[in-house]
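Protein chains: 2
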Amino acid sequence: MSYLDQISSPTLLIDEKITRANLQRMADKAKRHGKKLVPHWKTAQSREIGRWAQEYGISEVTASSIKLAEYLCGQGWKNIHIAFPFNIREISRLNRLAESQNLSVQIVNTSTAQALANQLAQAVGFFIEIDAGYGRTGVPISDFETIDEILKIAKTSPNLHFKGFYLHPGHTYYGVDKSKIHEESREALHLLKSKYRQSYPELVTRIGDTPGCAVMEEFGDVDELGPGNFVFFDLMQVELGSCAKEDVSVCLAVPVVDISLERKEILVHGGGVHLAKDVLVNDDGSKNFGEVVLLNENGWIIPSHRSFLKSISQEHGVIKASNELLANVKVGDLLGILPVHSCMTADCMGEYLSLDGKIIDHAEGCH
Amino acid sequence: MSYLDQISSPTLLIDEKITRANLQRMADKAKRHGKKLVPHWKTAQSREIGRWAQEYGISEVTASSIKLAEYLCGQGWKNIHIAFPFNIREISRLNRLAESQNLSVQIVNTSTAQALANQLAQAVGFFIEIDAGYGRTGVPISDFETIDEILKIAKTSPNLHFKGFYLHPGHTYYGVDKSKIHEESREALHLLKSKYRQSYPELVTRIGDTPGCAVMEEFGDVDELGPGNFVFFDLMQVELGSCAKEDVSVCLAVPVVDISLERKEILVHGGGVHLAKDVLVNDDGSKNFGEVVLLNENGWIIPSHRSFLKSISQEHGVIKASNELLANVKVGDLLGILPVHSCMTADCMGEYLSLDGKIIDHAEGCH
Chain A
0 MSYLDQISSP TLLIDEKITR ANLQRMADKA KRHGKKLVPH WKTAQSREIG
50 RWAQEYGISE VTASSIKLAE YLCGQGWKNI HIAFPFNIRE ISRLNRLAES
100 QNLSVQIVNT STAQALANQL AQAVGFFIEI DAGYGRTGVP ISDFETIDEI
150 LKIAKTSPNL HFKGFYLHPG HTYYGVDKSK IHEESREALH LLKSKYRQSY
200 PELVTRIGDT PGCAVMEEFG DVDELGPGNF VFFDLMQVEL GSCAKEDVSV
250 CLAVPVVDIS LERKEILVHG GGVHLAKDVL VNDDGSKNFG EVVLLNENGW
300 IIPSHRSFLK SISQEHGVIK ASNELLANVK VGDLLGILPV HSCMTADCMG
350 EYLSLDGKII DHAEGCH
Chain B
0 MSYLDQISSP TLLIDEKITR ANLQRMADKA KRHGKKLVPH WKTAQSREIG
50 RWAQEYGISE VTASSIKLAE YLCGQGWKNI HIAFPFNIRE ISRLNRLAES
100 QNLSVQIVNT STAQALANQL AQAVGFFIEI DAGYGRTGVP ISDFETIDEI
150 LKIAKTSPNL HFKGFYLHPG HTYYGVDKSK IHEESREALH LLKSKYRQSY
200 PELVTRIGDT PGCAVMEEFG DVDELGPGNF VFFDLMQVEL GSCAKEDVSV
250 CLAVPVVDIS LERKEILVHG GGVHLAKDVL VNDDGSKNFG EVVLLNENGW
300 IIPSHRSFLK SISQEHGVIK ASNELLANVK VGDLLGILPV HSCMTADCMG
350 EYLSLDGKII DHAEGCH
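Heads up: the protein sequence lines correspond to chains A and B, in order.
When we follow numbering that gives the first Met the number 0, the leftmost residue of the first sequence carries the number 0, and every step to the right adds one.
When we follow numbering that gives the first Met the number 0, the leftmost residue of the second sequence carries the number 0, and every step to the right adds one.
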């Protein structure tokens with residue numbers, strides 16, 4: 000029996016072979032450059048896929064929230080880093096979790112450092128997150144006063160251990176000069192390392208973004224790479240040049256519920272609650288919420304004539320279909336949709352179906 | 000103890016009083032016009048909130064998927080209508096559910112009607128969905144041939160019972176002339192009723208969109224109103240003129256994790272996985288992913304100086320803050336965010352916290 004026979008409703012498919020190839024390629028690259036790969040698990044959010052990663056020598060992961068860190072606890076990770084500016088309302092949750100799991104958190108201001116210094120009951124590492132131009136979060140690269148103050152506060156605590164500097168150059172997602180951004184980021188981290196390694200000889204620097212880590216070949220003296228999305232990739236990464244469409248390892252299987260030959264549209268059950276609402280813009284200015292692939296017993300193939308989701312609402316998806324697709328599709332068929340943003344799609348769906356018909360876990364499906 | 004003391008992480012709050020007032024107002028309006036209110040439960044997706052609705056004489060609901068219909072089954076609903084073009088891969092699920100629950104489905108083409116006629120093992124009602132200009136789904140209003148063919152197929156089945164015509168004029172969301180759209184929609188349904196009531200004297204017509212049902216006072220001979228979003232409302236509905244900000248009955252409580260006085264920004268834990276990524280555009284062209292309200296022990300108040308989410312990523316939210324908010328906020332505080340699209344936010348969060356500290360269920364939280 001094919002996995003396709005199990006599907007009656009929108010279902011997120013995962014191709015294990017492509018996923019493992021993505022993991023292996025990034026693990027090899029990190030090794031080649033002498034860097035430690037600590038993937039951001041906000042994308043996969045899965046224990047099972049974590050076991051696949053461990054087979055490629057990956058021994059630490061990053062979580063996007065304490066909730067995800069709790070979910071990943073007890074899975075053999077040497078360390079789970081929570082890469083979100085620490086939320087001091089969660090200190091007691093952190094203390095509980097740190098009883099059984101080696102953890103680190105991220106600090107971006109002195110008041111959070113002080114609250115942790117006062118209230119930590121367990122040993123926890125921390126990175127200082129640096130902003131070198133992205134502008135979302137982090138201590139500005141030139142604000143040594145805040146960095147020094149955080150380090151000074153940490154020294155007053157027996158439980159708060161400085162690990163190093165973390166930088167997420169998320170502006171590589173916005174189409175500007177990726178290699179320039181990466182150079183600036185590396186230099187920022189190099190500067191910090193030079194300045195602080197005398198006092199903290201063990202300190203490491205970590206840089207984490209898929210567009211950079213996938214494409215760049217120069218990492219300078221950065222110690223650790225922390226990309227996330229590369230595990231699955233998606234259409235946004237294809238557009239950014241991080242990967243080929245063939246590297247995208249998840250796709251949403253959607254049932255066809257209506258076809259309009261006149262409008263060249265196919266209505267599917269697959270909308271914002273399945274894919275999330277991330278969107279790309281086609282060359283002609285129209286919107287693209289995902290692209291059609293053709294499902295078969297072995298997975299999916301990318302058709303030579305492009306069809307894409309031109310609009311989605313809560314449950315509905317409307318495909319702008321090629322003539323070739325229209326000629327071959329009927330109500331009740333399944334189509335595959337490559338997602339624009341796989342992290343968000345996986346979070347919406349809360350589980351995966353493998354191509355051999357097994358359910359693969361995701362944190363959101365396990366309440 | 001205040002409900003606020005229970006909150007350490009992003010939490011969707013519900014104000015029961017406002018929600019009940021929204022339910023009562025729409026129930027009163029339907030009654031005043033002699034129409035039956037059958038709310039679309041894709042917004043609330045809750046059994047508990049369903050019990051509140053039943054107190055206002057609401058006895059039938061609409062679901063957006065068979066999954067939601069399954070969740071709402073056994074809650075005393077006289078009928079659950081699944082208002083999505085029926086997906087024939089789910090016929091056996093439908094047959095199982097129909098053993099214990101009075102159901103109706105939606106049909107938009109003959110092949111689906113034929114599959115149902117062939118395979119239904121239980122009595123199920125159906126509406127024919129009509130497209131009178133929205134262009135997303137439904138039989139085009141002038142396509143009597145398809146309507147006749149569907150009705151002819153249904154007659155061959157002892158289990159497939161025609162209930163009437165359903166119309167969702169979703170183009171009222173796109174800022175054009177709402178009252179003109181409603182007039183055209185009413186006329187379309189009137190025309191169909193006139194044409195088919197001789198053969199089907201019991202047939203009803205239903206129209207369902209919150210912008211129309213909230214504002215219009217003229218419903219002609221439409222029999223049933225099916226809005227959904229009005230139960231909670233949201234900023235999109237405020238913008239459309241369906242309600243005031245004070246009528247929005249859910250808000251996301253988010254912890255403050257960093258403050259930049261220089262940029263006048265507040266970083267909160269609250270991103271796309273909590274709010275979804277629906278967005279409004281401010282007058283100056285900037286984006287608005289939600290607006291700040293101030294939480295207190297009794298719920299929230301709308302501040303006189305506006306602050307809003309200018310950007311969100313998976314877990315991060317960046318608030319463009321008023322001077323008044325900046326002067327009063329500190330790291331570790333909670334702020335409230337009125338959502339742009341409450342249906343999507345509720346679906347992301349999977350449960351609600353009431354202002355007296357009780358968890359209220361949502362279908363997505365109950366796997």
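Some hints here could point you the wrong way.
No distinction is drawn between identical chains; accordingly, a pair holds when it is met within one copy or between any pair of copies.
List time: in silico DSSO-like cross-link candidates among lysine-lysine, alpha-carbon distance up to 27 Å [claimed, not checked]:
hint: 1; residue 1: Lys66; residue 2: Lys329
hint: 2; residue 1: Lys263; residue 2: Lys28
hint: 3; residue 1: Lys66; residue 2: Lys309
hint: 4; residue 1: Lys154; residue 2: Lys329
hint: 5; residue 1: Lys357; residue 2: Lys30
hint: 6; residue 1: Lys151; residue 2: Lys329
In short, the hints are calculated from the structure, not lab data.
Note that the structure is a prediction, hence the values are computed from the model and not measured.
So which of the earlier hints does this model not fit? Result: hints 2 and 5 break, sorted rising.
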